[in-house]
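Participant: Produce the complete structure using the sequences and hints provided.
There are 2 protein chains.
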Amino acid sequence: MNHSETEIAQLGEFGLIDRLTRDIKFHNASTIKGVGDDAAVMSYHDSEVLISSDMLVEGVHFDLTYMPLKHLGYKAAVVNFSDIYAMNGKPRQITVSLAVSSRFTVEHLEELYSGIRLACEIYGVDLVGGDTTGSKSGLVISITCVGDASKDSIVYRDGARPTDLICVSGDLGAAYMGLQLLEREKVASAGRQDFVPDFAGKEYIVERQLKPEARRDIIDELAKNGIKPTSMMDVSDGLSSELLHICKQSHTGCRVYEDRIPIDYQTAVMAEELNMNLVTAAMNGGEDYELLFTVPLSDHDRIEKLPGIKIIGYITEPDLGCALITRDGESEIPLTAQGWNHFDKK
Amino acid sequence: MNHSETEIAQLGEFGLIDRLTRDIKFHNASTIKGVGDDAAVMSYHDSEVLISSDMLVEGVHFDLTYMPLKHLGYKAAVVNFSDIYAMNGKPRQITVSLAVSSRFTVEHLEELYSGIRLACEIYGVDLVGGDTTGSKSGLVISITCVGDASKDSIVYRDGARPTDLICVSGDLGAAYMGLQLLEREKVASAGRQDFVPDFAGKEYIVERQLKPEARRDIIDELAKNGIKPTSMMDVSDGLSSELLHICKQSHTGCRVYEDRIPIDYQTAVMAEELNMNLVTAAMNGGEDYELLFTVPLSDHDRIEKLPGIKIIGYITEPDLGCALITRDGESEIPLTAQGWNHFDKK
Chain A
794 MNHSETEIAQ LGEFGLIDRL TRDIKFHNAS TIKGVGDDAA VMSYHDSEVL
844 ISSDMLVEGV HFDLTYMPLK HLGYKAAVVN FSDIYAMNGK PRQITVSLAV
894 SSRFTVEHLE ELYSGIRLAC EIYGVDLVGG DTTGSKSGLV ISITCVGDAS
944 KDSIVYRDGA RPTDLICVSG DLGAAYMGLQ LLEREKVASA GRQDFVPDFA
994 GKEYIVERQL KPEARRDIID ELAKNGIKPT SMMDVSDGLS SELLHICKQS
1044 HTGCRVYEDR IPIDYQTAVM AEELNMNLVT AAMNGGEDYE LLFTVPLSDH
1094 DRIEKLPGIK IIGYITEPDL GCALITRDGE SEIPLTAQGW NHFDKK
Chain B
794 MNHSETEIAQ LGEFGLIDRL TRDIKFHNAS TIKGVGDDAA VMSYHDSEVL
844 ISSDMLVEGV HFDLTYMPLK HLGYKAAVVN FSDIYAMNGK PRQITVSLAV
894 SSRFTVEHLE ELYSGIRLAC EIYGVDLVGG DTTGSKSGLV ISITCVGDAS
944 KDSIVYRDGA RPTDLICVSG DLGAAYMGLQ LLEREKVASA GRQDFVPDFA
994 GKEYIVERQL KPEARRDIID ELAKNGIKPT SMMDVSDGLS SELLHICKQS
1044 HTGCRVYEDR IPIDYQTAVM AEELNMNLVT AAMNGGEDYE LLFTVPLSDH
1094 DRIEKLPGIK IIGYITEPDL GCALITRDGE SEIPLTAQGW NHFDKK
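Sequence order for the protein chains is A and B. The first sequence maps to residues 794 to 1139 in my numbering. The second sequence maps to residues 794 to 1139 in my numbering.
To be clear, the hints were calculated from the coordinates, so they are not data collected in a lab. A couple of the hints might just be wrong.
A pair holds if it fits inside one copy or across any two, identical chains being indistinguishable in the list.
Pairs of lysine-lysine residues, derived as BS3-like cross-links and limited to a Cα-Cα distance of at most 25 Å, are as follows [as the list claims (entries may be wrong)]: (1) LYS979 - LYS1017; (2) LYS929 - LYS863; (3) LYS1041 - LYS818.
Facilitator: Now the structure itself:
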């Protein structure tokens, strides 16, 4: 700790909360009362209420060696917004609970909060409450996001039907390859004070890992074009895992084409450099926070015109199972959920 | 781990969530969709929505040496319900986020969840979502509770007015003295396999610490008698601290009478045994989860008839400050917030 930094104990819990949440301005008419009482108050008389919670744990989900606290705050907020967009809703409020060990100063938490507040500013979300407490080791961030949607516009995971087109926004695997790059540079820097990490030409995949965005633009674009997906979720655990969720809940199978999976050039170069399988990275990498959704076949022409959305396959009857059709079109590889397993004893 | 127990890694995150949340029945018409999608869906067209989050961290808020996991789950849920009652609302839904290290088995988490589910059953609350992830050390529980109240019935902290009566439910200091007893027995048991802790005649204070209840009955009783408090909060950090919050937000002062503070016999005996100041325990102990509220003077006769509620003082003009009037009636001790400071480096 530098001399200019402030120990959290100096402020105490209430002083700290005051400092972190002062001057918060609200963006939403649904926010009635924010931080400062036993509970926040919201008003949702004309729409349904959506709620989603995510927890990020130091050493499991993030490494402060290369993750700046401001980016971490931004990411922690955005991944929660992404869950609300994945219901075809709009995020409106968040509560932020933090457990922090004594190695963190007030200034550290201000950095973290500046990222959370920036995300709230950009996405029009109100920070309305939470809890800040001590921890015996490391940092834990638990965010709950409240959003809204009209009853008719909510999209669940269980509405996919055979012949529906499977669509995905953006590109996949970049966040995962960004993580591999950051881990490589971390190992290379070990014990070297003068080390400068080399991210030249790889800025995109690093940003995808450190500062992901939620696809509000896609939700807006679909609405503008009168397209309501039959099922939707966000790609947080990896495309394979998410496709299996949609198909299991919709009681269907699916086929996706390897050569239709959208992959950025930098992702491909990084996989090549690290001698890793590119398709595996794109199918199982996770943390892309793109939207995966299905639309009726009749929407084909309208969806094809939309930039940033790719049709990657179609929904089938359940007995056909879930499979990837290889580039040569000759073989089918069954999809498996290789999503993160934080409980593995490595 | 016994041979009959199951490692979490065997089930994976999705298998674990399925196992912990299966067969959940909903109690509330406002719950539309629970666990299993990107977000839960709720409907609140006729009331305002309340939201509150609390985080409990192993080694900071609880010690598994003497806190059974089922009790911990129960307490973690109930303290969140208490925040919603403190707004004069009804808790309806919770999301539960857990970070667990590999020393916990599936059976451990089932124990924890059995307590959460029991609390939900008793208080009529629906478990609708959450997140379960790994942790590098220990257990972190983050619960967010959603509740509702009509716009006119919500009670904030800022509505207390001079001459209002200050009331508190139940008794104070018991949870704190229960903690002291549990800590004493923990020390006494150190290294002794055959140790049997001695809680005879102290069952009440132990239960107040390990299995607190939220005062739904008081909220119902007030409503039945047509009494709407002018301000209210729950006593989680200690009476002194909460009174200061109400007076600060209401721009008032207050006087409370030492001899009116409700204290149970067991609490007094325990303080005597441990040679601790009883009034300090009652004023600053915390974790009582009783309701502290103010009512207009005109409600005096009605409030006095209600069992389990005690009038302990009155609200003053702000320039008089906040003070405790001692038993002899001769001196005034300024109130100070000695609430928990988890950030202290002990």
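Participant: Are the CA atoms of LYS979 and LYS1017 at most 25 Å apart within a copy, between copies, both, or neither?
Facilitator: neither (44 Å within a copy, 63 Å between copies)
Participant: My question is about LYS929 and LYS863: at a cut-off of 25 Å on alpha-carbon distance, are they close within one copy, between copies, both, or neither?
Facilitator: both (22 Å within a copy, 22 Å between copies)
Participant: What label fits LYS1041 with LYS818 when the C-alpha limit is 25 Å: within, between, both, or neither?
Facilitator: between (42 Å within a copy, 21 Å between copies)
Consistency with the previously given hints fails for number 1 only.
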